[in-house]
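So you can see what is in the structure, the chains are spelled out below.
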Amino acid sequence: MSNVGHALPDSPAIDFAPLIAALLAGDHAAALKETHRLRALGVSPEAIVTEGLEVAMDRLDEKCTIEQFNLLEIMLVGRAVAVVVHELFPEGLQPEKGRATFVIATLEGDVHDLGKNIVRTVLLGKGFRVVDLGRDCPVETLAEAAGREQARAVLVSGLISTVVPQVRRVRPALRRRGLDRVTVVAGGAALKQLSPADLDVDYVAETAFDGARYLENLVTTEGTVR
Amino acid sequence: MPRLTLFVRSERHVIDYEPGQSLRDLLDATDFRVRSACHGLGACGLCRVRLLDGTVGAPTAAELLQIEATDRAAGVRLACQIHPTGDIAVALLDPAPPSEWRTPPPGLVAATLPVTNCDRSRPPGIVNPLGLAVDLGTSHLTLAFHELASGRRLGLRFGRNPQGHHGADVVTRLVAAGEPATARQLAGEVRMAIGTAIADAAQREGFDASRIGRVVIVGNTAMLALLANRNHQRLLQPSMWSAPLDCAPTDTAEWTSDWSIAPVAEVEVIPPLSGFVGSDLLAGLVASDLLAGPAPALFIDFGTNSEIALWTGTALWVTAAAGGPAFETGPGRCGMPAETGAVYRVVFDAAEQPIARILGNDEARGLCGSGLVDLVAGLRRQGVLTPVGRFADGRSAYEFVVGKHTLALDWRDVDALQRAKGAIGAGISVLCTQAGLALRTLRRVVAAGLFGRYLDVENARQIGLLPDVPAEHIELAGNSALTGAVALLLSESARAMLARARATASCVNLAKMANFDTAFLEHLYLRPMSSS
Numbered sequence: 004m005s006n007v008g009h010a011l012p013d014s015p016a017i018d019f020a021p022l023i024a025a026l027l028a029g030d031h032a033a034a035l036k037e038t039h040r041l042r043a044l045g046v047s048p049e050a051i052v053t054e055g056l057e058v059a060m061d062r063l064d065e066k067c068t069i070e071q072f073n074l075l076e077i078m079l080v081g082r083a084v085a086v087v088v089h090e091l092f093p094e095g096l097q098p099e100k101g102r103a104t105f106v107i108a109t110l111e112g113d114v115h116d117l118g119k120n121i122v123r124t125v126l127l128g129k130g131f132r133v134v135d136l137g138r139d140c141p142v143e144t145l146a147e148a149a150g151r152e153q154a155r156a157v158l159v160s161g162l163i164s165t166v167v168p169q170v171r172r173v174r175p176a177l178r179r180r181g182l183d184r185v186t187v188v189a190g191g192a193a194l195k196q197l198s199p200a201d202l203d204v205d206y207v208a209e210t211a212f213d214g215a216r217y218l219e220n221l222v223t224t225e226g227t228v229r
Numbered sequence: 116m117p118r119l120t121l122f123v124r125s126e127r128h129v130i131d132y133e134p135g136q137s138l139r140d141l142l143d144a145t146d147f148r149v150r151s152a153c154h155g156l157g158a159c160g161l162c163r164v165r166l167l168d169g170t171v172g173a174p175t176a177a178e179l180l181q182i183e184a185t186d187r188a189a190g191v192r193l194a195c196q197i198h199p200t201g202d203i204a205v206a207l208l209d210p211a212p213p214s215e216w217r218t219p220p221p222g223l224v225a226a227t228l229p230v231t232n233c234d235r236s237r238p239p240g241i242v243n244p245l246g247l248a249v250d251l252g253t254s255h256l257t258l259a260f261h262e263l264a265s266g267r268r269l270g271l272r273f274g275r276n277p278q279g280h281h282g283a284d285v286v287t288r289l290v291a292a293g294e295p296a297t298a299r300q301l302a303g304e305v306r307m308a309i310g311t312a313i314a315d316a317a318q319r320e321g322f323d324a325s326r327i328g329r330v331v332i333v334g335n336t337a338m339l340a341l342l343a344n345r346n347h348q349r350l351l352q353p354s355m356w357s358a359p360l361d362c363a364p365t366d367t368a369e370w371t372s373d374w375s376i377a378p379v380a381e382v383e384v385i386p387p388l389s390g391f392v393g394s395d396l397l398a399g400l401v402a403s404d405l406l407a408g409p410a411p412a413l414f415i416d417f418g419t420n421s422e423i424a425l426w427t428g429t430a431l432w433v434t435a436a437a438g439g440p441a442f443e444t445g446p447g448r449c450g451m452p453a454e455t456g457a458v459y460r461v462v463f464d465a466a467e468q469p470i471a472r473i474l475g476n477d478e479a480r481g482l483c484g485s486g487l488v489d490l491v492a493g494l495r496r497q498g499v500l501t502p503v504g505r506f507a508d509g510r511s512a513y514e515f516v517v518g519k520h521t522l523a524l525d526w527r528d529v530d531a532l533q534r535a536k537g538a539i540g541a542g543i544s545v546l547c548t549q550a551g552l553a554l555r556t557l558r559r560v561v562a563a564g565l566f567g568r569y570l571d572v573e574n575a576r577q578i579g580l581l582p583d584v585p586a587e588h589i590e591l592a593g594n595s596a597l598t599g600a601v602a603l604l605l606s607e608s609a610r611a612m613l614a615r616a617r618a619t620a621s622c623v624n625l626a627k628m629a630n631f632d633t634a635f636l637e638h639l640y641l642r643p644m645s646s647s
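Keeping their order, the protein sequence lines are chains A and B.
The opening residue of the first sequence carries number 4 in the working numbering; numbering runs sequentially from there.
The opening residue of the second sequence carries number 116 in the working numbering; numbering runs sequentially from there.
One chain only, chain B, in its complex shape (with noise of 0.2 Å):
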């Protein structure tokens, strides 16, 4: 990959890029953002950089009426008018102040819209009205802002949940919602949120928030039952699991009032199949377009709580398995979610040495859950890690230099790992037993979630996070909720699909099922999941 060399204020910086996205676009992604208020039309002047080294073509008619001459002989230019394909060095001339809502880490929403006809009614009242697409995850929040009429992409925005602080996983958020006094903190808190990214990313594309007519919002049914502040008590009682979950707003106008959208705007919270899969789980398989596709076919997302369904071609299996927060947040000593400065790769050199790949900076932080099942791939092909996950040397961590820092793989992160597998390869052999299908005849397998984008297949394979198919079987979907959502936004025909899907599915609830314990023994091992 060609390398981007920042100077921001008296620091240098290194960063590999995919070329493709202009500079300002590439930046967005990162921690050291260029001011910015126009999407990027070279209309407001604000992204000025100097180019120190490096070509990236001719000044363009924007920069020709935005950047004096003598500047421009300088080396100043705009940020989103110049698209970098090798490496260059740049100097930021305004850093922007650094935000809590960044673009997504590249490729992790699809670029392509997954419908071409735009065909839902639009809201009356509001000329080239837009529309925002929500996913509502449990550690960050994911936002699309579209045009209605045409489709067109104005905005990405990501973030942290700000629920995280009352506990990264869901049950302790629940427990905590127990106290009226949270559960209307822990609702304000994401609604806020939802307002910060709408301003956020309002004036950084340059458009108007009260043209917002129409907002669908996605999520696990803990996230959408805590947001309208109803019914969460009742996910704490396993025997209401199975049962649908009313998690619908009971009163928008306060929502739209606080966002600053239309005050007519409809907001659309998509309900949950259940208490425990959530409409995330239905938007990423109308984005996948699953039940038109090959069958038989298996959809993962992974996540805290990672949704499966297996479509037979005529029957639609859907369960959750809780595999604790490995992919996300990391529970031992060097995880962290995939955010600026998180190892999403590790290859392992001649020497077999590791090399990282890091997020957004050059200064690693941890490893995100993409890095954490390459390095433990890689370790047990050393035969530094065992298949059942002990190093073999007795050793209880692995250290490993990246840049300035060193990590430490612990053998908690490894047991993290182990678990989060081992509920997945659980769910997934429960569900094919359940329908009498043998994995090596599927057909097709989508890998969804924050961390899909970056895995590698192989490596997840080796340790048995994905099943042993053959790779042209195996997509990875990247946030497939968040470009469900879109999809029910722009769309008639992906809600008659998400109707489909709704009418179709079978929850399986994983905790009562009997041979349960005996496959989350046999996939906690880091082995193919055919051994197991």
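The following block holds chain A by itself, in its conformation from the complex (with noise of 0.2 Å):
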């Protein structure tokens, strides 16, 4: 167990372990149990988010690298992050609480939104916020969210080719806003062949962890509270 702050008891019963491994498999009943657990021992949500989330999403990433995951079992990680950010936070992070805002979606010409969940579910497990706007979003419905949840960055990702037209838009509409602090990151099959030069994007990652290391990078260069 790793150092879990001044804030927390200093009880033997406070191990993150039981619900690090319930996220791992992807089990959302025993995580929620897990997170009733810890919270009833006094453990705040963002020492849960930071030394239970987060540690599953670094493993994660580890494992990933090391043998692959199928599909379901990705999902069901996802779904687990999902429910425990959704106990912890059920009003939803607000924007002067969360880490920082990201709005993600899957640009409008494009239905597969399956890699974007995932980077959404790293980002949650990160304690991000994330506003997540679906798939075959249009540009413009982008770049008003952007506006209006204060994002940091916005995600857009694409599986096929025929997308990649809508993402060189995504700048541009932002700019119209007067939102040129707001970062954008591309990812997904089609896309990553690509540079952010011929995106016109600040970076392309090559997997969700990569995206989801660079926007940590990106706002912990910057100093942004929690």
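Keep in mind the hints are simulated off the structure, nothing from the lab.
Check the hints yourself; a few may be wrong.
What the hints assert, rightly or not - Cβ-Cβ distance ranges computed for the label pairs, FRET-style: (1) B/ALA363 <-> A/ASN220: 52 to 58 Å; (2) A/GLU49 <-> B/PRO295: 55 to 61 Å; (3) B/SER354 <-> A/ARG62: 39 to 45 Å; (4) B/SER354 <-> A/ARG184: 27 to 33 Å; (5) B/SER354 <-> A/GLN71: 32 to 38 Å; (6) B/ALA358 <-> A/GLU94: 20 to 26 Å.
The beta-carbon is built from N, C-alpha and C at its ideal position, and this holds for glycine as well.
Quick one: dock chain against chain with the hints and give me the complex.
This is the structure:
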């Protein structure tokens, strides 16, 4: 068990390992039970994110490089993470309380959003506030949400290459709203073949974890408060 | 099943077969064909074999005419005249060169006609005109040749869609067709394929292709749009998917000339229902008489893009679920289409060792969809695979020996099957919700498609590929799209049924349904549908 900080009572019962195991097994019922147990012991929602969810996401990252998960396993982990995050923050994280807000979407012309859902899981697991606009999302809707939600970055995914022209329209749409500071990250099978310059984005993520690491570095170097 | 031992040049091959056909027809579905040019009448005398072992009955009149007495004494026979029922061994005396076109695997296309009345008016000016029905699939083309007056079938041909080298899936091909030169190439390739299939059938079955006076083509929307080279780029915009798409050919004179059929031949491309529901589904509904049989009825046409219809008795809901290529081409290490060399059935012996049956060859090259379903269901029963689709002991593949070859079922093969059945299960579940029906109330389930014929219903129910309704409510229809196209070629009542299905159907776009994601996750599990 790693350092849980001064805010927590020094009790041997505070063990995050069962929560981490339940998350990685994709067992949302067990993950929820562990969350209730930790909350009853006085562990703060923020500590459950940093010591439980984030650790689980790092392990998932490691496991994904050594062995591949099938789609169901990844979706089950995603559901378990979403259930725990919803339990900890039933009203959703407010823009001022979350680590940073990201708006994520699969752009118009593409309805394949499994990859996007994995990115959402990892970012939620890392304690970020994620506004998911779903699939087949128009560029204007995305830019509008970035302003409304005070997003630090927008993330767009595309599995098929017809979505490329849409990606190129994201930055101009943000600029028209005065959102020049918003970072644009792209990912997905059709997009990762291209360079950031080709797509007019700041970063092209190789995998969900690669994208999450980039965003984490971005907000950490800026010293964004938790 | 009885065994056929073949000696082809210096090689020996052993094939299991179902009795009922002539040896020529049996061999036509395999890699080892005999020469032939007379539709098996015994008139050309090309299909000579030497019987080495087994009994097949006395020589027919045609054989007495075609084969010299000395040759007959040495066991020479005509493959088209003998109908084996037991184990036999034969040598092919003059094997045909391998053709890209084959007779479809036995049972894939219904042997009986879907209609009894051939009442469509016939194209004028052709004596005893013939008709051609084409099912244009993403991975395969299937063609049926018929006499328009009698409905008599003259032949079937089955082969790969040559566009496959541009990508196994529809989207990759549509994207490639964004380049006008590539679009022309894609259209030309599939048109050429139809032409070579016609030539192959005409030569082999001994008819004159210029007597073909009507062609009916059904297919999924993308394949029809690529064939006509019209409007295919609109299919890349999801907003267009629910709308009708015009893919009627603008000029078929060039087609009839390329195909060497009657210059006056009518070429009918049956219009799709929408961007994601093709006329192959409509033809399947006609073939299975879905709107006239017991209701509620579910129709599933398994393929790369599986199309699903639910008939409540008053309403017809249709949708398409993109399940990936698990049933037709296979993305993992051991998947392959249902072609010769494919393991199509796997049973486990008392020692829990798999025993494989292979299509049209004795050398296994991989597993096709139905073989994959059998193997995965068997490994689930043994506990080798978990309901989540992982190997319980942590290995990444299951290796098994078939004859001289070792096949490996990779976790990716299992994942692909899960994705395909997840999409179909979610599609069925969304349609049932839409219609306000419970799955268990279904009185009829029609499973169509390339692997439908070989599917083991019990295994398919155990892993949740088919609803777990009583087995007597489940029908395996094979290629119902082609059967429906034949009906449309011959009969007015089939055309009336098509018009009714078209007018009644409501398209459901799964991508827009809020409950799809949850249903998809639940149906990814390898377990009966009722547990999801």
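Which hints, by number, does the structure contradict?
Going through the list in order, the structure violates hint 6 alone and respects the others.
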